[in-house]
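Protein sequence lines correspond, in order, to chains A and B.
Under the numbering used here, the first residue of the first sequence carries the number 1, and numbering increases by one thereafter.
Under the numbering used here, the first residue of the second sequence carries the number 1001, and numbering increases by one thereafter.
Misleading hints may appear alongside valid ones.
As a list, the in silico EDC-like pairs of lysine to aspartate or glutamate whose alpha-carbon atoms are at most 16 Å apart [as the list claims (entries may be wrong)]:
no., chain 1, residue 1, chain 2, residue 2
1, A, K44, B, E1002
2, B, K1068, B, E1015
3, A, K100, B, D1049
4, A, K44, B, D1084
5, B, K1057, B, E1002
6, B, K1037, A, D86
7, A, K51, A, E63
8, A, K27, A, E40
9, B, K1042, A, E41
10, B, K1042, B, D1084
11, A, K62, A, E40
12, B, K1042, A, E68
13, A, K27, A, D86
14, B, K1037, B, E1002
15, B, K1071, B, E1083
16, B, K1037, A, E40
None of these hints come from the bench; they were simulated from the model.
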Amino acid sequence: NAGVMQNPRHLVRRRGQEARLRCSPMKGHSHVYWYRQLPEEGLKFMVYLQKENIIDESGMPKERFSAEFPKEGPSILRIQQVVRGDSAAYFCASSQVNEKLFFGSGTQLSVL
Amino acid sequence: GENVEQHPSTLSVQEGDSAVIKCTYSDSASNYFPWYKQELGKGPQLIIDIRSNVGEKKDQRIAVTLNKTAKHFSLHITETQPEDSAVYFCAASRGNAGNMLTFGGGTRLMVKP
Chain A
1 NAGVMQNPRH LVRRRGQEAR LRCSPMKGHS HVYWYRQLPE EGLKFMVYLQ
51 KENIIDESGM PKERFSAEFP KEGPSILRIQ QVVRGDSAAY FCASSQVNEK
101 LFFGSGTQLS VL
Chain B
1001 GENVEQHPST LSVQEGDSAV IKCTYSDSAS NYFPWYKQEL GKGPQLIIDI
1051 RSNVGEKKDQ RIAVTLNKTA KHFSLHITET QPEDSAVYFC AASRGNAGNM
1101 LTFGGGTRLM VKP
């Protein structure tokens, strides 16, 4: 049973470009969460999704950031017009209903 | 919202000694408290968790204690080994498990051989 799969592992973008981060949850998991981690800091909640629904996006910046979890395919975290401050590790986690969160290996986003 | 404080930020112990990491939380409605271990370049790995109806839980060399009245919980690692070296994060949530975890700032544990 494969774990949470994130790709790419590393993503380099220039300022103003778009970044797309993908997350495939563990088999049987219908809940996906995105977290951001800055160097030497803890993980900050961004958004919680179920299939085709955003349940809570209270941690998402109001502009440039969006997330989706379509009926088919992986969850996508999209960052438009990236700035240097977006450089961070982005982690996806998945769970079954009211069960434990399991994390992927993350995507390290570097904005030049 | 929930606020989780974690101490110490770094901890160095000799192999074989015990390590204790402490967290406090602010939301009295939180009832699920997991601990994650993160190695360099990897995602957080769940190592143990505790729910609010339990005061202590043990799994081999690791144990977690919870004091709901004081709103704090602790991770105890006994007989530490070099492979225990990593960053450890505590977290809290209102859900039965998972959902929107609020994480502490992390503790870098170094076990010296």
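The hints, checked one at a time:
1. Distance restraint check for A:K44 and B:E1002: the Cα-Cα separation of roughly 12 Å lies within the 16 Å cut-off, and the hinted pair is therefore satisfied.
2. The hinted pair formed by B:K1068 and B:E1015 fails the criterion: a straight-line CA distance of about 31 Å is larger than 16 Å.
3. Restraint check for A:K100 and B:D1049: satisfied, since their Cα atoms lie roughly 9 Å apart, inside the 16 Å limit.
4. With a C-alpha separation of about 24 Å, the suggested pair A:K44 and B:D1084 falls outside the 16 Å cut-off, and the hint is violated.
5. Straight-line distance between C-alpha atoms of B:K1057 and B:E1002 comes to about 23 Å, which puts the hinted pair past the 16 Å bound.
6. As the CA atoms of B:K1037 and A:D86 are separated by approximately 24 Å, the hinted pair breaks the 16 Å bound.
7. Distance check on the hinted pair: A:K51 and A:E63 sit about 23 Å apart at the alpha-carbon level, beyond 16 Å; violated.
8. A distance of roughly 31 Å separates the Cα atoms of A:K27 and A:E40; the hinted pair therefore is violated under the 16 Å criterion.
9. Among the hinted pairs, B:K1042 with A:E41 is consistent with the structure: their alpha-carbon atoms are about 14 Å apart, no more than 16 Å.
10. For the given pair, B:K1042 sits about 14 Å from B:D1084 by alpha-carbon distance, which is consistent with the 16 Å threshold.
11. Between the alpha carbons of A:K62 and A:E40 the distance comes to roughly 24 Å, so the proposed pair goes past 16 Å and is violated.
12. Proposed proximity of B:K1042 and A:E68 is contradicted: the alpha carbons are some 24 Å apart, above 16 Å.
13. Proximity of A:K27 to A:D86 is assessed by CA-CA distance (about 30 Å); at most 16 Å being required, the pair is judged violated.
14. Pair hint B:K1037 plus B:E1002 does not hold up; C-alpha atoms about 21 Å apart against a cutoff of 16 Å.
15. Only pairs whose Cα atoms come within 16 Å are accepted, and B:K1071 paired with B:E1083 is rejected, the gap being roughly 30 Å.
16. For the suggested pair B:K1037 and A:E40, the alpha carbons sit about 14 Å apart, so the restraint of at most 16 Å is met.
Violated hints, listed in ascending order, are 2, 4, 5, 6, 7, 8, 11, 12, 13, 14 and 15; each of the other numbered hints is respected by the structure.
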